[in-house]
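Q: Residues per chain are reported as follows:
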Amino acid sequence: MRHGRRRITWKGTALVVGAVTAGCALVTFLPQDDAVDAPFIVEGGVGQQLDLTYAELTVTEVRVADVLTSPAEAAAAAGTFLVVDATWRATQGETTFSGAEVTDAQGRRFWPSTRGGCSTSASAQPGYAWRTTYCFDVPRDALAGATVRLARGDQTEEHGGQRRDAVAVVDLGITASEADALWEAEETVSPEAPGYPPVSAGGSEG
Amino acid sequence: MKHARNAGPDLAFRLAQRLVTAVADDMSTTQRVGAGAVAALVAISPFGAWSEVEAQADPLTTGTPVEVGPFEVTVEKAATADELGHLVPQDGNHMLAVVADVTNTGDVPEYGVTLSKAIPAPQNAGIVPEEPLEDLGADAATGDAAAPGDDAGSSAEPSASPSPSAPEEPKLPSATIINIEDGTSISILNPGVTHRVALIWEQSGTWTGTELPLEVVELEWVEEDPLGLDDGHWFANEIAFQGQIPVKPATPEASADERGPSTEVEQQ
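These protein sequences, in sequence, are chains Y and P.
If you count by the working numbering, then the first sequence holds residues 10 to 215, one letter each, in order.
If you count by the working numbering, then the second sequence holds residues 6 to 273, one letter each, in order.
Any given hint could be a false lead.
Stated by the list, open to error - Some but not every residue of chain P turned toward chain Y, in silico, with C-beta under 8 Å: (1) Asp87; (2) Glu88; (3) Leu92; (4) Pro114; (5) Pro196; (6) Gly197; (7) Val198; (8) Thr199.
As the list claims (entries may be wrong) - Derived CB-CB ranges, DEER-like: (9) P:Thr110 - Y:Asp174: 28 to 34 Å; (10) P:Thr110 - Y:Ala47: 43 to 49 Å; (11) Y:Arg15 - P:Val38: 49 to 55 Å; (12) Y:Ala194 - P:Ser190: 23 to 29 Å; (13) P:Thr110 - Y:Glu193: 23 to 29 Å; (14) Y:Glu193 - P:Glu77: 21 to 27 Å.
Stated by the list, open to error - Straight-line C-alpha distance at most 25 Å; calculated SDA-like pairs for lysine to any residue: (15) P:Lys122 - Y:Arg118; (16) P:Lys176 - P:Ser190; (17) P:Lys122 - Y:Lys20; (18) P:Lys122 - P:Gln247; (19) Y:Lys20 - Y:Leu35; (20) P:Lys176 - P:Glu135; (21) P:Lys82 - P:Gly97; (22) P:Lys176 - P:Thr199; (23) P:Lys122 - P:Gln36; (24) P:Lys122 - Y:Leu35; (25) P:Lys82 - P:Thr215; (26) P:Lys253 - P:Asp106; (27) P:Lys122 - Y:Glu167; (28) P:Lys82 - P:Val93; (29) P:Lys122 - Y:Thr123.
If you're looking for bench data, these hints aren't it; they were derived computationally from the structure.
Quantities reported herein were computed from a predicted structural model and do not represent experimental measurements.
From the three backbone atoms N, C-alpha and C, an ideal C-beta is built for every residue, glycine too.
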C-alpha cells in the first residue's frame, strides 16, 4: 500500500486541462439555447382556428386605420394602425395572453399600443371565447408580408416569456399591392371593447 | 505606554519602509527615478488617470437631426403654455414643451422612457424637481406643500432630511411624452415610424430665460450588466449634444380646454 502524496504527472495534467477545454467548447459552441428555449410555433392564417394546447386562437379580421376612436380618446397613427381582431378561448384554466407582436418582412418587430381603446393583452376564463383587438402603429413598408405573433407569454426580453411554450404566428395575408391601397385609404376604426364575441362569431358556445 | 492596537499600522509601515530601502539600495539613481515614476502611475490608476478625456458635446440646433442610441431626434422648438390638456401646473408655474420629431431607427420597439433618458430635463431652467419621498411623508403629516413657484435651486431644499449631511441635489423629473397630433401619451415607439412629440416638464413661473439649455445624452446599449440583473438595456452615458433652444412664451389667451394640448403647443 502506497502512502504519501500522489505525484502530479504531465499526463494527468494534460488530461484534466483537455477535459476542461472540451467541456468549455461544448457549452460555448453547441446551439444549446435554441434546443432548450425554442417555442413551439403554430402557424396559420386569418380566420383559421389554431390549437395552442392552452388555448384556441382565431385571428378574425385585419384592418388598417389612420385614426382610432374610443369613448376616452382619439388616437392618430404616426404611420398607420394595423388593427388585428382576435378571439381567444382558454382550454385549461384562467389564462392571461400577454404576447402580441407584429413582425414585418424585414424582421422588424412592432408592439401594440393602448391608444384609442386597443388592448395589449387579454385575460379569459376557460371555456369562454374572448374577443380582443390589438393595434400596431407601423410604417408603410411594414404592411406587406406582416405576421402577428400571439401567445400567453410576453415578447419582452427576446420572447423570454415564450420559451418552451406554444406560440401562434398568423400570416396577415397582406400583399405588396394591397399594402399600397391600405396605406392610401383614410380609415377610422373604433375598436370594440374586449368581451364575449357575438353569437355569429361563436360567442354562444362559451 | 503604547497600546497594542496601534502597533499594526506602525509595523506595516516599517516593513514597507525596509522593503523599499532594500530594493532601492541596489538601484542606480536612474533606476530609482524610473521605479518612482512607475509607482506613481500605479498609485493614481484607481483615480481615473487612464479614463478618456470627456468628449466635447456637439452643438444641438433646431431642425438638425441627431442620432442618439436607437433614435433620430430633430428638435423643432421649445414653447411654454399655461397648461397642456390634463397637465396642469401648480399656481404660478407653467408647462414647458420641447417639440421634436423622433424616429426609432432600430429593428425593435423602444420604450418612451428610453427617449426621456436621452433628453433629460434641462438644467438651470427652472424645472420643478421631483418631490423627495421623505418629503411626501412629512407633507402628509404637517400639511405643508412644496413651494410651487420656487426656482429649481430653491424649491429643491428637502424639508425633512433623514440625515444631518448636506441635502442632495434635487432630482429633476423625466419628461411626459405626448403625441402632438392627438395629445395622447406615447409609451412605445415602433421602428421606422416618425412621431412628432412634445416632451413636457413643469417649469417655475420665476424663470425668465429666453433660451433653453437643452442636452441630449448618448445612449449606450448594455448587453450584459455585470453589476446588476438588468441585462439588455440602454444606458444614459455622456452628453452628446447641447445647445440653446429659443423658447416661445405662453400666450395669456391660450386655453387648453378649448383646443387641447396638441393645438396649443402647435400655436406657440
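Q: Confirm or reject each hint.
A: Hints versus structure:
1. Asp87: violated (22 Å)
2. Glu88: Since chain Y brings no Cβ nearer than about 18 Å to P:Glu88, farther than 8 Å, the hint is violated.
3. Leu92: violated (15 Å)
4. Pro114: Constraint on P:Pro114 satisfied, holds at 4 Å.
5. Pro196: Cβ of P:Pro196 sits 5 Å from chain Y, so the hint holds.
6. Gly197: At 4 Å from the nearest chain Y Cβ, P:Gly197 passes the 8 Å test, so the hint holds.
7. Val198: holds (4 Å)
8. Thr199: OK, holds: P:Thr199 within 8 Å of chain Y, min 6 Å.
9. P:Thr110 - Y:Asp174: 28 to 34 Å: holds (31 Å)
10. P:Thr110 - Y:Ala47: 43 to 49 Å: violated (29 Å)
11. Y:Arg15 - P:Val38: 49 to 55 Å: Holds, at about 50 Å.
12. Y:Ala194 - P:Ser190: 23 to 29 Å: With a Cβ separation near 27 Å, Y:Ala194 and P:Ser190 satisfy 23 to 29 Å, so the hint holds.
13. P:Thr110 - Y:Glu193: 23 to 29 Å: Because 25 Å falls inside the window, the suggested range holds.
14. Y:Glu193 - P:Glu77: 21 to 27 Å: holds (25 Å)
15. P:Lys122 - Y:Arg118: holds (22 Å)
16. P:Lys176 - P:Ser190: Within the cut-off at roughly 23 Å; holds.
17. P:Lys122 - Y:Lys20: Outside the cut-off at roughly 57 Å; violated.
18. P:Lys122 - P:Gln247: holds (15 Å)
19. Y:Lys20 - Y:Leu35: At roughly 22 Å apart (the allowed maximum being 25 Å), Y:Leu35 and Y:Lys20 satisfy the hint.
20. P:Lys176 - P:Glu135: holds (6 Å)
21. P:Lys82 - P:Gly97: holds (23 Å)
22. P:Lys176 - P:Thr199: violated (30 Å)
23. P:Lys122 - P:Gln36: violated (51 Å)
24. P:Lys122 - Y:Leu35: Cα-Cα ~40 Å, so violated.
25. P:Lys82 - P:Thr215: Within the cut-off at roughly 12 Å; holds.
26. P:Lys253 - P:Asp106: Holds, because 18 Å separates the two Cα atoms, which is no more than 25 Å.
27. P:Lys122 - Y:Glu167: holds (22 Å)
28. P:Lys82 - P:Val93: holds (21 Å)
29. P:Lys122 - Y:Thr123: holds (22 Å)
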